[in-house]
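> Taken in order, these protein sequences are the chains called A and B. 335 is the number that this note's numbering gives to position 335 of the first sequence; each next residue is one higher, with no gaps. 31 is the number that this note's numbering gives to position 31 of the second sequence; each next residue is one higher, with no gaps.
Be aware that a few hints might be false.
Said to hold, decoys possible - Here are the simulated DSBU-like pairs of lysine-lysine, each with C-alpha atoms no more than 35 Å apart in a straight line:
id	chain 1	residue 1	chain 2	residue 2
1	B	Lys9	B	Lys227
2	A	Lys154	B	Lys227
3	A	Lys242	B	Lys227
4	A	Lys242	B	Lys19
Quick caveat, the hints were computed from the structure, so don't treat them as lab data.
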Amino acid sequence: MNEKNRNINGVITPTEKANIFSNSLGFIKKNWIGFTLLASLYAIILVLEQVLPVSSMLFVVLKKGAIYALVAVSMNLCNGFTGLFSLGQAGFMLIGAYIYGIFTIPLEARAAVYQYFDGGIINFTVPVPVALIMAGLAAALFAYLIGLPVLRLKSDYLAIATLGFAEIIRAFFQWDKLGPVTNGSNLLRRFPVFSSTLYPFVVSSICITIIVLLINSSYGRAFKAIRDDEVAAEAMGINLAKHKQLSFTISSFFAGVGGALLAMYQTTVQAAPFKAAMTYEILLIVVIGGIGSVTGSVLSSFLFIACSEWWLRFLDSETYIGSFRIPLLASGFRKVVFSIIIMIIVLFYSQGIMGTNEISIDALLRFFKKLFRKGSKEEAT
Amino acid sequence: MMLRINNLKVNYGGIEAVKGISFTVPEKSIVTLIGANGAGKSTTLRTIAGLVKPQSGNIEFLGEDITGKGAADIVSHGITMVPEGRKIFPDLTVLENLKIGAYLRKDDLTDDLNLVFDLFPRLKERSWQHGGTLSGGEQQMLAVGRALMSRPKLMMMDEPSLGLAPLIVRNIFEIIQEINKQGVTILLIEQNANMALKVADIGYVLETGRITLSGTGAELLADEGVKAAYLGAKAK
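Construct the complete structure from the given sequences, taking the supplied hints into account.
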């Protein structure tokens, strides 16, 4: 961010406060390199899908990584940029996942899905993009309501309260009386899923772009001011309650969208796995990436998912060299190694991969220019 | 009269920190409240800034009653505060810190930024550094610059000399006078009474929540009681 601001060189446009969306055209113009890179990333994924077998682990990592990137960035908005230590992420994802499932299961499949509840009571479906937005809005609405009492709390108290609320949501959605809507503790299934790896990428990148625009706007600056010093921020005329509520609600909106994407990825939804453990996983991603760094969160999401789903899988399977069985390698060992890696990161790299820095195109260009100049100098001598 | 405080009582942390004080701040003047630790100076400023709600009494700003209004409302009325211990935002850049100062304004900031950078050329050089990497004196400059960004009519300063080297303190006080010349009224609280009274048009002495003495800066400087209690002169 700092790198990007460097171009403005002290001059500020008067419209900064204006809404984010009217600025997005200028944003696209200013960041055309970034958008070209994004487009080529999409193209690479399309090509990979043609070349590699569908069962390749790479696609699992890409899909789940993109979804977790969105959720991690949304958590970072609240925890890293506004300093609100909320642990409700899994709860908001659950709301998003359920809303998506409930409103997109095709009518003809409902009798089979809601077999214990006479086909359920919802008799319509909405298109997938609408359902994604509904998922976000439902999570945001809920966040707004619990935010009213909960955001008065500070640090650890806020964490405990949001964690508690997330657990309540999970129990609530499994409640038998709600069965005609949520299917109780049974699976929701047969709703539309990803047809291509590109889908979660496009949705995630749109959402993350919106979050980045927000962070770079004057609202984002106010969030960071609140994080740095609440009293000073209030003395500058920033309405603490309003801005905390705003950050919390928007963060939850995107967690809801992320939850819906996760439902699409998993092809089924059940409340049980949306436990605190899921929130911790996302928190870990945020910490590993760097609290207060969007690019850090994105990078570490893909790394984390690649390690947990793919690269460290071999630790779980018994392996023999000749007749020698390699010790320790057995089911569950992967988790041990993983925990050790996490401990090392937290102990020695508590700033995470990126700290509060960002990878920006300007910085990369400068880096390469420097490298190039150094190279040509060495040639000259 | 720019600011009029009438019989203000404030409870802070369960005790009555301000026990009914009244004072006035004339337009375009420098007014100082001096007093020892715990005299209620900071609480008074925080109450005017809207960060603390008063028990009773009222605060009038340019003829309007602003008692009990929220901090954001007070800032948009034209009162700004440079908090004690500077309280700059350490992880925001200098430029971002300044922009936060103008958070409630929606117009063009270029002129104000240039004004602040003229006043503090050092801040311009460092505009890309994080606030937390500045030295104490530079942080104080940033805190003053940030306050100016809201285009205040009244700037309140809470212990601007706290923890700074004497040379830098003198520098800060020169700047306070410079800002005052440009038409901003200053309400200053200080433990460094000597420095504060030298620049002040009017001074008030606050003791355990009450005003015990008032006069022009020069009068208070010459007062034997003030000398003995606050200026370190030996009682004869």
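> Taking the hints in turn, state whether each one holds.
Cross-check of the supplied hints:
As the CA atoms of Lys9(B) and Lys227(B) are separated by approximately 28 Å, the hinted pair is consistent with the 35 Å bound. Between Lys154(A) and Lys227(B) the alpha-carbon distance is near 45 Å, which puts this suggested pair outside the 35 Å criterion. Between Lys242(A) and Lys227(B) the CA atoms are separated by roughly 48 Å; this puts the pair beyond 35 Å, and the hint is violated. At most 35 Å may separate the alpha-carbon atoms for a hinted pair to count; Lys242(A) and Lys19(B) meet this at roughly 33 Å.
Hint violations for this structure: numbers 2, 3, all remaining hints satisfied.
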